[in-house]
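So the protein sequences, as listed, match chains A and B.
So for the first sequence, my numbering puts the first residue at 1031; every next one is plus one.
So for the second sequence, my numbering puts the first residue at 111; every next one is plus one.
Hint data in this document are derived by calculation from the structure and do not stem from the laboratory.
Warning: the hint list may mix true and false statements.
[Stated by the list, open to error] If you want the footprint, here are the derived chain B segments under chain A, 3+ residues with CB under 8 Å:
1. 116-126
2. 143-154
3. 204-217
[As the list claims (entries may be wrong)] Pulled from the structure, derived: some chain A residues nowhere near chain B, Cβ distances all over 12 Å:
4. Pro1043
5. Phe1052
6. Ser1085
We treat Cβ as the ideally placed atom computed from N, Cα and C, and that holds for glycine.
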Amino acid sequence: MIQVRALTKRYGPHTAVDGLTFTAPPGAVTGFLGPNGAGKSTTMRMIVGLERPTSGTATVDGVRYADLGAPLHSVGTMLDARSVHPGRSAFRHLMAMARTHGIPRSRVEEVIGLTGLESVAGRRTGTFSLGMGQRLGIAGALLGDPGTLILDEPVNGLDPDGVLWVRHLVKELAAEGRAVLLSSHLVHELALCADRVVVIGKGRLLADAALGDPALGAGSLEDAYLRLTAGSVEYRAGAAGGGAR
Amino acid sequence: MTSSPVTFPRVLASEAGKMTGVRTLRWTALSCVAVAAGTAFGLSLFARPGGGATGASLAVAGHVLAQLGFLALGVTAGTEEFRTKLAHVTFLAVPRRLPVLAAQAVVTAVLASVTAAVALVASIAVTAARRDALGLPLNLADAETVRMLAGFVLHQTAIALVGLGLGALLRRPAGAFVTAVVGVVVLDQFLAMNPGRFPDTVRAFLPGAGTRLLTGDDRLAALDAASSGPHLEPWAAGLLVAGWATVLLAAAATRLRRGDIASWEK
Chain A
1031 MIQVRALTKR YGPHTAVDGL TFTAPPGAVT GFLGPNGAGK STTMRMIVGL ERPTSGTATV
1091 DGVRYADLGA PLHSVGTMLD ARSVHPGRSA FRHLMAMART HGIPRSRVEE VIGLTGLESV
1151 AGRRTGTFSL GMGQRLGIAG ALLGDPGTLI LDEPVNGLDP DGVLWVRHLV KELAAEGRAV
1211 LLSSHLVHEL ALCADRVVVI GKGRLLADAA LGDPALGAGS LEDAYLRLTA GSVEYRAGAA
1271 GGGAR
Chain B
111 MTSSPVTFPR VLASEAGKMT GVRTLRWTAL SCVAVAAGTA FGLSLFARPG GGATGASLAV
171 AGHVLAQLGF LALGVTAGTE EFRTKLAHVT FLAVPRRLPV LAAQAVVTAV LASVTAAVAL
231 VASIAVTAAR RDALGLPLNL ADAETVRMLA GFVLHQTAIA LVGLGLGALL RRPAGAFVTA
291 VVGVVVLDQF LAMNPGRFPD TVRAFLPGAG TRLLTGDDRL AALDAASSGP HLEPWAAGLL
351 VAGWATVLLA AAATRLRRGD IASWEK
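Only chain A is shown next, with the shape it has when bound in the complex:
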């Protein structure tokens, strides 16, 4: 379970995340939505300790990420499919992660199988397509069999087969009692796999509700999203011409 309390991050005069509070409970897929620059990635990076909050707290199962003795067993994270050494094979990449926790080689082979990377596991990741990189990132997130998963845009670059696979995977993970925090710009996709959504804009919480909750209003999730973020979009195409979308 992820708990974020009054989380704030400032870079000089710019406030990226502004007093954000929400929970990603176990047994559910929590969709994390917001326009570009809303602070989604910054929030995720603070939860996993890569960036220090200016104030507020983020905990996983009640513990600060940096205080977890075996973080990969608690939280599986995929933030950027390009976080690999291009000269290293997928297998060696996962083995390097596994060694830090004494995770056996058999588990590395298992996640390679789970993500369908068997045929390319020995190839240098520099030759991977974005979709293969995403699968490798997800393999890394699953490595420690964690109770919480944080996935930033996991379907980005995946083919339709891959999108379907991720949709089933996250639902399955939640059904097993895990907490899944999933960010995506594909609102349709989130409507199909999320149980609840957290919507943010300009670093602030705009909505935190279960799908179908009256708080999101009538209509589709996309309608709700566009209505909620109407005042928070920083980069809108054609804004000068009346906001054609």
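Once you've looked at the hints, dock chain B against the given chain A.
This is chain B only, laid out in the frame that chain A set:
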């Protein structure tokens, strides 16, 4: 799956596995050996009887150019993770962060000292014929010779750690390498061209002073006679370069501990 914690030996195993697999590092190590031996061989051809050369000085003669290779080795080890964005994954697995830097320091020290030892053996081998011709044997019973040979390995290892500290501190390979070359080589040469009490004093405390570890007694006496700065004993000069490596690694550790691993950090 049973929960098994992150321990230093595990982080060390992970970093060692990663670093030995980096192709750039393997090529850099190989070029350190080639440059050291090649320069030693080339310079030995110019050595003349009575020119002040000794068996040991011919064997370590490639140290100046080889230094650049050892700096590159350390800088690569310190920046590779940030250059490839792999740092995100690494620090997700080891969120306390400092064990990663400590493991990198251990792996760099081992890699650099083995590379330096191989470079030294190669330099001794390629200068053997010339040393025989000049009647300059390598006498391992002689304390000065042992100091110079061991000094070669120790100085290059410390220089690689200076590179690692700068690399981990600045996180950008080009910037870190240029800073390292200026601090270790260029500044020293520049000050040497402008002798005086102040430049000589500054020079004596730059990391390049570690070369005194591998400089013969006669040559040291000649250098000291020409310098109006302080005269460090060879072992003190060795401690000085080790101190530089320690200070830079401590600065890198502080940035690592307090700062962000930002999303734009490559």
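Now the hints, each set against the structure:
no., hint, verdict
1, 116-126, "holds (count 6)"
2, 143-154, "violated (count 0)"
3, 204-217, "holds (count 3)"
4, Pro1043, "holds, 17 Å"
5, Phe1052, "holds, 21 Å"
6, Ser1085, "holds, 15 Å"
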